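The whole structure should be built from the sequences, with the hints applied where relevant.
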Amino acid sequence: MRGTLTATVGVFAAVMMMMMVVEEVNATRFTVGSNMGWTTNVNYTVWAQDKHFYNGDWLLGLAGMSESWNLSLLPQWTISMNQMNVLEVNKTDYESCNSDHPLHNWTTGAGRDVVPLNVTRHYYFVSGKGFCYGGMKLAVLVKNPPPPPSASPVKSDSPPRWFLNGGQIVLPAVLAIGAVWDVLLQVMW
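When the letters of the sequence shown are read in order and numbered with my numbering, they come out as residues -16 to 172.
FYI, nobody ran anything at the bench for these hints, they're computed from the structure.
Since this is a predicted model, take the numbers as computed values, not measurements.
Do not rely on the hints blindly, as some may be mistaken.
Derived pair list, reagent style DSSO-like, types lysine-lysine, alpha-carbon separation capped at 27 Å [to be verified]:
no.	residue 1	residue 2
1	LYS74	LYS34
2	LYS34	LYS126
3	LYS126	LYS74
4	LYS112	LYS74
Taking CB as the label site, the calculated pair distances span [as the list claims (entries may be wrong)]:
no.	residue 1	residue 2	range
5	THR28	ILE160	52 to 62 Å
6	LEU167	ALA10	42 to 52 Å
7	LYS112	SER17	17 to 27 Å
For every residue, glycine included, the Cβ atom is placed at its ideal position computed from N, Cα and C.
Right, dumping it as C-alpha coordinates:
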(Lines of atoms letter the chains of each structure in order from A and count residues from 1; the text may use other names and numbers.)
(Lines give C-alpha, C1' and ligand atoms only; values in the text may rest on other atoms or scores of the structure.)
Protein backbone atom coordinates (compact mmCIF):
# COMPACT_ATOMS: atom_id res chain seq x y z
CA MET A 1 0.00 0.00 0.00
CA ARG A 2 2.80 2.39 0.92
CA GLY A 3 4.63 1.71 -2.39
CA THR A 4 1.52 2.45 -4.41
CA LEU A 5 1.02 5.73 -2.56
CA THR A 6 4.65 6.69 -3.15
CA ALA A 7 4.39 5.90 -6.85
CA THR A 8 1.15 7.88 -7.11
CA VAL A 9 2.69 10.90 -5.38
CA GLY A 10 5.76 10.68 -7.64
CA VAL A 11 3.69 10.52 -10.81
CA PHE A 12 1.50 13.39 -9.61
CA ALA A 13 4.57 15.50 -8.86
CA ALA A 14 6.05 14.80 -12.29
CA VAL A 15 2.79 15.67 -14.05
CA MET A 16 2.45 18.90 -12.08
CA MET A 17 6.02 19.94 -12.95
CA MET A 18 5.44 19.26 -16.64
CA MET A 19 2.20 21.25 -16.63
CA MET A 20 3.93 24.24 -15.10
CA VAL A 21 6.92 24.19 -17.44
CA VAL A 22 5.24 23.46 -20.81
CA GLU A 23 4.33 26.59 -22.74
CA GLU A 24 0.75 27.03 -23.84
CA VAL A 25 0.30 26.59 -27.59
CA ASN A 26 -2.72 28.10 -29.29
CA ALA A 27 -3.77 27.35 -32.83
CA THR A 28 -6.85 28.79 -34.44
CA ARG A 29 -9.18 26.73 -36.59
CA PHE A 30 -10.72 29.05 -39.18
CA THR A 31 -14.00 28.00 -40.76
CA VAL A 32 -13.53 29.21 -44.34
CA GLY A 33 -16.29 31.66 -45.24
CA SER A 34 -17.75 31.48 -41.71
CA ASN A 35 -21.37 30.32 -41.96
CA MET A 36 -21.32 30.40 -45.80
CA GLY A 37 -18.59 27.75 -46.13
CA TRP A 38 -16.66 26.93 -49.30
CA THR A 39 -19.16 27.81 -52.01
CA THR A 40 -19.71 30.16 -54.92
CA ASN A 41 -20.73 33.80 -54.63
CA VAL A 42 -18.71 34.41 -51.45
CA ASN A 43 -15.95 37.01 -51.38
CA TYR A 44 -13.19 35.17 -49.53
CA THR A 45 -10.88 38.19 -49.80
CA VAL A 46 -13.29 40.16 -47.66
CA TRP A 47 -13.71 37.20 -45.30
CA ALA A 48 -9.92 36.86 -44.79
CA GLN A 49 -8.97 40.56 -44.62
CA ASP A 50 -9.53 41.03 -40.86
CA LYS A 51 -8.01 37.71 -39.82
CA HIS A 52 -4.45 36.95 -38.74
CA PHE A 53 -3.20 33.56 -39.86
CA TYR A 54 -0.31 32.13 -37.85
CA ASN A 55 1.95 29.12 -38.23
CA GLY A 56 0.05 26.15 -36.74
CA ASP A 57 -3.45 27.40 -37.60
CA TRP A 58 -5.93 25.37 -39.67
CA LEU A 59 -8.36 26.17 -42.45
CA LEU A 60 -11.67 24.35 -42.19
CA GLY A 61 -14.84 24.65 -44.22
CA LEU A 62 -18.44 23.56 -43.91
CA ALA A 63 -20.05 23.90 -47.34
CA GLY A 64 -23.33 22.12 -47.80
CA MET A 65 -23.73 21.16 -44.13
CA SER A 66 -27.20 20.98 -42.64
CA GLU A 67 -27.93 22.67 -39.31
CA SER A 68 -28.51 19.28 -37.64
CA TRP A 69 -24.78 18.42 -37.74
CA ASN A 70 -22.68 18.98 -34.64
CA LEU A 71 -20.08 21.23 -36.25
CA SER A 72 -17.65 20.94 -33.33
CA LEU A 73 -17.18 17.26 -34.18
CA LEU A 74 -16.22 18.01 -37.79
CA PRO A 75 -12.80 19.67 -37.97
CA GLN A 76 -12.71 19.49 -41.76
CA TRP A 77 -13.14 21.55 -44.90
CA THR A 78 -16.36 19.88 -46.02
CA ILE A 79 -17.25 20.14 -49.69
CA SER A 80 -19.76 18.57 -52.02
CA MET A 81 -17.99 15.44 -53.28
CA ASN A 82 -17.30 15.19 -57.02
CA GLN A 83 -18.30 18.83 -57.51
CA MET A 84 -16.03 21.25 -55.69
CA ASN A 85 -12.47 20.77 -54.57
CA VAL A 86 -9.71 22.53 -52.64
CA LEU A 87 -6.55 23.00 -54.69
CA GLU A 88 -3.43 24.84 -53.59
CA VAL A 89 -1.87 26.74 -56.48
CA ASN A 90 0.81 29.36 -57.06
CA LYS A 91 0.04 33.09 -57.19
CA THR A 92 -0.13 33.25 -61.00
CA ASP A 93 -2.60 30.35 -61.19
CA TYR A 94 -4.60 31.88 -58.33
CA GLU A 95 -4.94 35.18 -60.16
CA SER A 96 -5.97 33.50 -63.43
CA CYS A 97 -8.13 30.75 -61.81
CA ASN A 98 -5.97 28.08 -63.42
CA SER A 99 -6.38 24.74 -61.62
CA ASP A 100 -4.59 22.58 -64.21
CA HIS A 101 -1.33 22.24 -62.23
CA PRO A 102 -2.06 22.42 -58.48
CA LEU A 103 0.78 22.35 -55.97
CA HIS A 104 -1.40 20.23 -53.69
CA ASN A 105 -4.89 18.78 -53.88
CA TRP A 106 -6.38 19.04 -50.39
CA THR A 107 -9.55 17.24 -51.49
CA THR A 108 -9.64 13.85 -49.76
CA GLY A 109 -12.57 12.43 -51.70
CA ALA A 110 -14.54 11.99 -48.50
CA GLY A 111 -15.97 15.49 -48.75
CA ARG A 112 -14.24 16.62 -45.55
CA ASP A 113 -10.98 18.44 -46.02
CA VAL A 114 -8.68 20.35 -43.70
CA VAL A 115 -5.60 22.41 -44.52
CA PRO A 116 -2.82 22.83 -41.93
CA LEU A 117 -1.06 26.18 -42.17
CA ASN A 118 2.30 24.95 -40.94
CA VAL A 119 4.74 27.07 -42.97
CA THR A 120 5.10 30.85 -42.88
CA ARG A 121 4.33 31.92 -46.45
CA HIS A 122 1.52 32.92 -48.83
CA TYR A 123 -1.05 30.20 -49.51
CA TYR A 124 -3.31 30.33 -52.57
CA PHE A 125 -6.38 28.09 -52.89
CA VAL A 126 -8.87 27.69 -55.73
CA SER A 127 -11.72 25.38 -56.57
CA GLY A 128 -11.36 23.78 -59.99
CA LYS A 129 -14.00 22.81 -62.55
CA GLY A 130 -14.78 26.50 -63.17
CA PHE A 131 -15.92 27.28 -59.61
CA CYS A 132 -12.96 29.64 -59.11
CA TYR A 133 -14.57 32.03 -61.58
CA GLY A 134 -17.61 32.13 -59.27
CA GLY A 135 -15.39 33.39 -56.44
CA MET A 136 -14.16 30.15 -54.91
CA LYS A 137 -10.58 31.22 -54.27
CA LEU A 138 -8.74 32.23 -51.13
CA ALA A 139 -5.32 33.76 -50.47
CA VAL A 140 -3.83 33.90 -46.98
CA LEU A 141 -0.50 35.05 -45.58
CA VAL A 142 0.74 32.88 -42.72
CA LYS A 143 3.12 34.54 -40.25
CA ASN A 144 4.90 33.43 -37.11
CA PRO A 145 2.87 34.06 -33.95
CA PRO A 146 3.67 37.27 -32.09
CA PRO A 147 5.92 36.95 -29.05
CA PRO A 148 4.20 36.66 -25.68
CA PRO A 149 3.74 39.89 -23.75
CA SER A 150 6.67 40.88 -21.58
CA ALA A 151 6.39 40.60 -17.83
CA SER A 152 5.68 43.71 -15.80
CA PRO A 153 8.50 45.06 -13.61
CA VAL A 154 8.80 43.58 -10.12
CA LYS A 155 8.08 45.94 -7.23
CA SER A 156 10.59 46.15 -4.40
CA ASP A 157 8.03 45.05 -1.78
CA SER A 158 7.03 41.98 -3.80
CA PRO A 159 8.04 38.42 -2.85
CA PRO A 160 11.45 37.10 -3.94
CA ARG A 161 11.86 36.35 -7.68
CA TRP A 162 12.11 32.58 -7.14
CA PHE A 163 8.57 32.61 -5.69
CA LEU A 164 7.03 34.38 -8.71
CA ASN A 165 5.50 32.89 -11.89
CA GLY A 166 2.65 31.17 -10.12
CA GLY A 167 4.92 29.06 -7.95
CA GLN A 168 6.57 27.37 -10.93
CA ILE A 169 9.58 26.61 -8.78
CA VAL A 170 8.11 26.43 -5.30
CA LEU A 171 5.20 24.03 -5.90
CA PRO A 172 7.19 21.40 -7.83
CA ALA A 173 9.98 21.63 -5.25
CA VAL A 174 7.51 21.09 -2.38
CA LEU A 175 5.98 18.10 -4.15
CA ALA A 176 9.38 16.60 -4.92
CA ILE A 177 10.53 17.07 -1.31
CA GLY A 178 7.30 15.43 -0.13
CA ALA A 179 7.85 12.43 -2.42
CA VAL A 180 11.47 12.04 -1.27
CA TRP A 181 10.39 12.35 2.37
CA ASP A 182 7.74 9.66 1.84
CA VAL A 183 10.35 7.30 0.32
CA LEU A 184 12.78 7.94 3.20
CA LEU A 185 10.06 7.20 5.76
CA GLN A 186 9.18 3.99 3.95
CA VAL A 187 12.81 2.85 3.86
CA MET A 188 13.45 3.75 7.51
CA TRP A 189 10.31 2.10 8.90
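_Can you tell me whether the CB distance of LEU167 to ALA10 sits inside 42 to 52 Å?_
The hint (42 to 52 Å, Cβ to Cβ) holds, given that LEU167 and ALA10 are roughly 44 Å apart.
Are LYS126 and LYS74 close enough, with their CA atoms no more than 27 Å apart? holds, 17 Å
Problem - Status of the given 52 to 62 Å range, CB of ILE160 versus CB of THR28 - result: 59 Å Cβ-Cβ, so the 52 to 62 Å window holds.
Pair hint outcome, LYS112 versus LYS74 [Cα-Cα no greater than 27 Å] = holds, 18 Å
Using the beta carbons of LYS112 and SER17, state whether their distance is inside 17 to 27 Å or not. holds, 24 Å
Do the alpha carbons of LYS34 and LYS126 lie within 27 Å of each other, as the hint requires? The given pair, whose Cα atoms are some 12 Å apart, holds under the 27 Å limit.
Do the alpha carbons of LYS74 and LYS34 lie within 27 Å of each other, as the hint requires?
Roughly 20 Å between the alpha carbons, so the hint for LYS74 and LYS34 holds.
Violation of the numbered hints given earlier is absent; every hint is satisfied by the structure.
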